[in-house]
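Chemist: Each chain, written out:
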Amino acid sequence: MTFLSLFSRIFGKLKEFWKVKMFRFAILTQMIYLTLSTILFFLFFYQFNDFAIFYESGRIFVTDIENLYNQTNYIWDFRYFPLSALFFIPFSFLNFGLAFILFNGLNFILNILICLIMYKIIKIVRGPDHERDDNRIIMYLSFYLMGVPHILNYVYGQINLFVTFFILTSLFIFLFYKKNSWQFVGSVILGISIIIKPTSLLLIPFLLILHFDLEKRKLKIDFLKSIIRLVGVFLPVLSNFVLFLAFPKLWGDFLSTNFTGSNPVALNYSFSLTKLITNFCFLFNIPFNQLTILVASVGIIGGIGFFIFVLRRRAQSSILYGYSIGILIMLLTYYDSWNHHLLNLTPLMIIIIFTLPRHSKLLNYIKPSLFFFNFFDLIFVGIWFFTYPLFPFNFVGTFFLFLTFYGISKYLIVKKMGSVKGGD
Amino acid sequence: MNIRTRNLYACIFLIIISLIGFASNVIALNYAFSFRTNEELVWKCNVCDNNKMNNIFGENWSSTGLFEDLSQGKKMKWQVNTTNVNSTSLSATFNIWVWKNEDNWGSYDYITEFSHLKDPSQYASNYNLSIAFPFVPFWLPIPVSIYIGELKLNSIYDVDNRVLPTINVQISKGFLEPSYPSEKVFIIAIYNYDGILSSFKLYTSGNVVVIDISFESIPIYVLPATLGLIGAFFIAIIIYVRKQTKK
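So the protein lines, in turn, are chains A and B. Numbering-wise, the first sequence is residues 1 to 424 according to this note's numbering. Numbering-wise, the second sequence is residues 1001 to 1247 according to this note's numbering.
If you are wondering where the hints come from, they were derived from the structure by calculation, not from laboratory data. Watch out, some of these pointers could steer you wrong.
Mimicking DSSO-like on lysine-lysine, the simulated pairs with C-alpha atoms at most 30 Å apart in a straight line are [to be verified]:
(1) A:K225 / A:K415
(2) B:K1184 / B:K1075
(3) B:K1052 / B:K1100
(4) A:K367 / B:K1243
(5) B:K1100 / B:K1077
(6) B:K1246 / A:K361
(7) B:K1247 / A:K415
(8) B:K1243 / A:K415
(9) B:K1184 / A:K361
(10) A:K367 / B:K1247
(11) A:K410 / B:K1246
(12) A:K367 / A:K15
(13) A:K249 / A:K216
(14) A:K410 / B:K1243
(15) B:K1173 / A:K249
(16) B:K1247 / A:K410
(17) B:K1152 / A:K197
(18) B:K1152 / A:K249
(19) A:K179 / A:K197
(20) A:K249 / A:K179
(21) A:K410 / A:K367
(22) B:K1246 / A:K367
(23) A:K361 / B:K1243
(24) B:K1100 / B:K1075
(25) A:K179 / A:K220
(26) A:K225 / A:K178
(27) A:K249 / B:K1184
(28) A:K218 / A:K367
(29) B:K1077 / B:K1044
(30) B:K1077 / B:K1118
(31) B:K1075 / A:K415
(32) A:K216 / A:K415
Looking from chain B toward chain A, a few residues come up when the C-beta cut is under 10 Å (computed) [to be verified]:
(33) N1046
(34) S1145
(35) N1161
(36) V1163
(37) N1192
(38) K1201
(39) S1205
(40) D1212
We put the beta carbon where it would ideally sit given N, CA and C, even for glycine.
Can you build the whole structure from these sequences, using the hints too?
Modeler: See below:
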């Protein structure tokens, strides 16, 4: 397939989507978000946004790579892998304001591509009792585009959409291409998403093709494919170590920035469980070690999630559920889980809605959570600023993350769900 | 070209023009005071482990300065006396009542002037906010997040102004005198959006709090907002569960 034919197919599909009024409205909403964020950027957030860090990292990567982690170069700490700065080199050659506008233009294009990948995945994994036309799919794609988390993603010039794009691309490959070579390609793409931002780091365990059959009491593992996937995902991540070897100072600075730099103790509105606990300890002067809380949270929630994944009773699209659990674990356990990080989760939730039986009661967990994340979570960030002196807990997002986690877990491990119309 | 298409192009043109306008018009900041003359600011000490402080900083840590006579349960009051703005700095004089137990304040203990440069970028590199207690100022010009973000502070400070304006301080063993502090201490100073120190915590390794001071006046909306949030959450859950069980 040439690029031209791919482009014409994409354009043709978008023309189909455009016929649906809701999709046109969603595109208009995106345009409003884009314009609003640009105005806010030039009025209030010029130099005070995340893009300023990425922009600067691209410049330093080219001019003075040894000082990539010298935090005096940035308004806030640059913590990512050194190769992530590669993505921003082209922007760093431009005027900062223009680079921001172009970067957000790219974010908009990524949103369209994300919708197209979601569409392709849904068309194939969609359950047999779902409507056969595309209207409902386009409606959910429109919900995604209208999502409020896009506002902060655009305003801050964030890179979550790159991560989502690569996660969905690798998911697409894993779901539809079974050859070992494609397993490798899919995992390399996931590795690239980790380089950009380590949000998808906890997806790695779910690449293992590991399943304990509860009926036969037998553990099944596909060693070859699992190894290929692990090699694929670690290859891009470990390629950072070439830079660390070439510039030893970079390695020391990377470690000190991520592990001994400014501490993650201070109050903020992150909805992660770890942050709720540290905020509680901070408020009531309870001695704590933030690293212990992080490790314990990852151990407990991550352990439960992984065991549920291994013990799953439903084999179909298991990688989709693995990815979803991985992102949920990350959002629940990493210190800082912000509203715009939800853009990594909501596309997976939308796909899950189409894999579950059309009238499944499990949708009572997934759907409200999706709508909360997509439209209401940001309100609670605002409310946090009114309550934080007495009650510094942005707990509602955490509640819906757990609800989603519970819904997915229930789907994966319950034997036969009487509560689910039409079986499982 | 029909009217709808023409309107669409007109809108796009206007958006581009306004973007170009904004691009060349990034607003210059004017830092200012948030308080007025005669306004009173009161802080309360929630935790003060005097024995631990004596061990870390020696017996004289509370003999002078803003921590004079500090102990748990005491309050400190500042009354804004005068404010002054000139071409280079913002300064204010305060009547200060140092830490007392009773609400009957009596006459003030000191009149003290504090000032900050109007342009924070004019401070020298590796600037120290203070090398004596409390190591951080009790007030800063507003908008405080941007002000502290512009300071080129010494490496003992770490500014986190993404959510709440916060200054983290890490004071190494022997930083003040060869034997003091006797162990590494940390400070988290959180400012409210009026630039007033709203929370000051000094702690040792393991986040063991030794001093906890908070600004006494909490905005009037905080309690109703908190109760409203918790109440609305539980009511929404109850209504949702009832609705689901009826189905």
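Chemist: Now tell me, hint by hint, if it's right for this structure.
Modeler: The hints, checked one at a time:
Of the supplied pair hints, the one linking K225 (chain A) and K415 (chain A) holds, its CA atoms being roughly 27 Å apart against a limit of 30 Å. For a cut-off of 30 Å, the pair hint linking K1184 (chain B) to K1075 (chain B) stands: about 27 Å separates their Cα positions. With a C-alpha separation of about 21 Å, the suggested pair K1052 (chain B) and K1100 (chain B) falls inside the 30 Å cut-off, and the hint holds. For a cut-off of 30 Å, the pair hint linking K367 (chain A) to K1243 (chain B) stands: about 15 Å separates their Cα positions.
For the hint linking K1100 (chain B) to K1077 (chain B), the alpha-carbon distance of about 9 Å falls within 30 Å, and the restraint holds. A hinted pair counts as satisfied when its Cα atoms are at most 30 Å apart, and K1246 (chain B) with K361 (chain A) qualifies at roughly 13 Å. Distance restraint check for K1247 (chain B) and K415 (chain A): the Cα-Cα separation of roughly 23 Å lies within the 30 Å cut-off, and the hinted pair is therefore satisfied. About 26 Å separates the Cα atoms of K1243 (chain B) and K415 (chain A), which keeps this hinted pair within 30 Å; it holds.
For a cut-off of 30 Å, the pair hint linking K1184 (chain B) to K361 (chain A) is broken: about 55 Å separates their Cα positions. A hinted pair counts as satisfied when its Cα atoms are at most 30 Å apart, and K367 (chain A) with K1247 (chain B) qualifies at roughly 17 Å. This hinted pair checks out: K410 (chain A) and K1246 (chain B) have alpha carbons roughly 22 Å apart, not beyond 30 Å. A C-alpha spacing of about 28 Å is found between K367 (chain A) and K15 (chain A), which places the hinted pair at or below 30 Å, so the restraint holds.
Only pairs whose Cα atoms come within 30 Å are accepted, and K249 (chain A) paired with K216 (chain A) is rejected, the gap being roughly 53 Å. A hinted pair counts as satisfied when its Cα atoms are at most 30 Å apart, and K410 (chain A) with K1243 (chain B) qualifies at roughly 21 Å. Distance hint between K1173 (chain B) and K249 (chain A) is fulfilled; the C-alpha atoms sit about 26 Å from each other, no more than 30 Å. At roughly 20 Å between alpha-carbon atoms, K1247 (chain B) and K410 (chain A) fall within 30 Å of each other, so this suggested pair holds.
Under the criterion of a C-alpha separation no larger than 30 Å, the hint pairing K1152 (chain B) with K197 (chain A) is consistent with the structure, at around 28 Å. A distance of roughly 23 Å separates the Cα atoms of K1152 (chain B) and K249 (chain A); the hinted pair therefore holds under the 30 Å criterion. Distance restraint check for K179 (chain A) and K197 (chain A): the Cα-Cα separation of roughly 28 Å lies within the 30 Å cut-off, and the hinted pair is therefore satisfied. Between K249 (chain A) and K179 (chain A) the CA atoms are separated by roughly 41 Å; this puts the pair beyond 30 Å, and the hint is violated.
A distance of roughly 15 Å separates the Cα atoms of K410 (chain A) and K367 (chain A); the hinted pair therefore holds under the 30 Å criterion. At most 30 Å may separate the alpha-carbon atoms for a hinted pair to count; K1246 (chain B) and K367 (chain A) meet this at roughly 19 Å. Taking the CA atoms of K361 (chain A) and K1243 (chain B), the gap is about 13 Å. The hint holds against a cut of 30 Å. A C-alpha spacing of about 5 Å is found between K1100 (chain B) and K1075 (chain B), which places the hinted pair at or below 30 Å, so the restraint holds.
Taking the CA atoms of K179 (chain A) and K220 (chain A), the gap is near 19 Å; set against the 30 Å cutoff, the hint holds. For the hint linking K225 (chain A) to K178 (chain A), the alpha-carbon distance of about 9 Å falls within 30 Å, and the restraint holds. Proximity of K249 (chain A) to K1184 (chain B) is assessed by CA-CA distance (about 25 Å); at most 30 Å being required, the pair is judged to hold. Restraint check for K218 (chain A) and K367 (chain A): not satisfied, since their Cα atoms lie roughly 34 Å apart, outside the 30 Å limit.
Only pairs whose Cα atoms come within 30 Å are accepted, and K1077 (chain B) paired with K1044 (chain B) is accepted, the gap being roughly 9 Å. Only pairs whose Cα atoms come within 30 Å are accepted, and K1077 (chain B) paired with K1118 (chain B) is accepted, the gap being roughly 25 Å. For a cut-off of 30 Å, the pair hint linking K1075 (chain B) to K415 (chain A) is broken: about 62 Å separates their Cα positions. Taking the CA atoms of K216 (chain A) and K415 (chain A), the gap is near 14 Å; set against the 30 Å cutoff, the hint holds.
Evaluation of the N1046 (chain B) hint against chain A yields a held restraint, the C-beta minimum of about 8 Å falling below 10 Å. Restraint check, S1145 (chain B) versus chain A: the minimum CB separation of about 8 Å is within 10 Å; hint holds. Interface hint status for N1161 (chain B): upheld, as the beta-carbon distance to the closest one in chain A is roughly 8 Å, under 10 Å. About 4 Å separates the beta-carbon of V1163 (chain B) from the nearest beta-carbon of chain A, less than 10 Å, and the hint is met.
Using the Cβ-Cβ criterion of 10 Å, the hint placing N1192 (chain B) at the interface with chain A is satisfied: the shortest such distance is roughly 8 Å. Using the Cβ-Cβ criterion of 10 Å, the hint placing K1201 (chain B) at the interface with chain A is satisfied: the shortest such distance is roughly 8 Å. Annotation: interface hint on S1205 (chain B) holds; nearest CB of chain A at approximately 9 Å, less than 10 Å. At about 6 Å, the closest approach between the beta carbon of D1212 (chain B) and any beta carbon in chain A falls short of 10 Å, and the interface hint on this residue holds.
The structure fails to meet hints 9, 13, 20, 28 and 31 from the earlier list, while all remaining hints are met.
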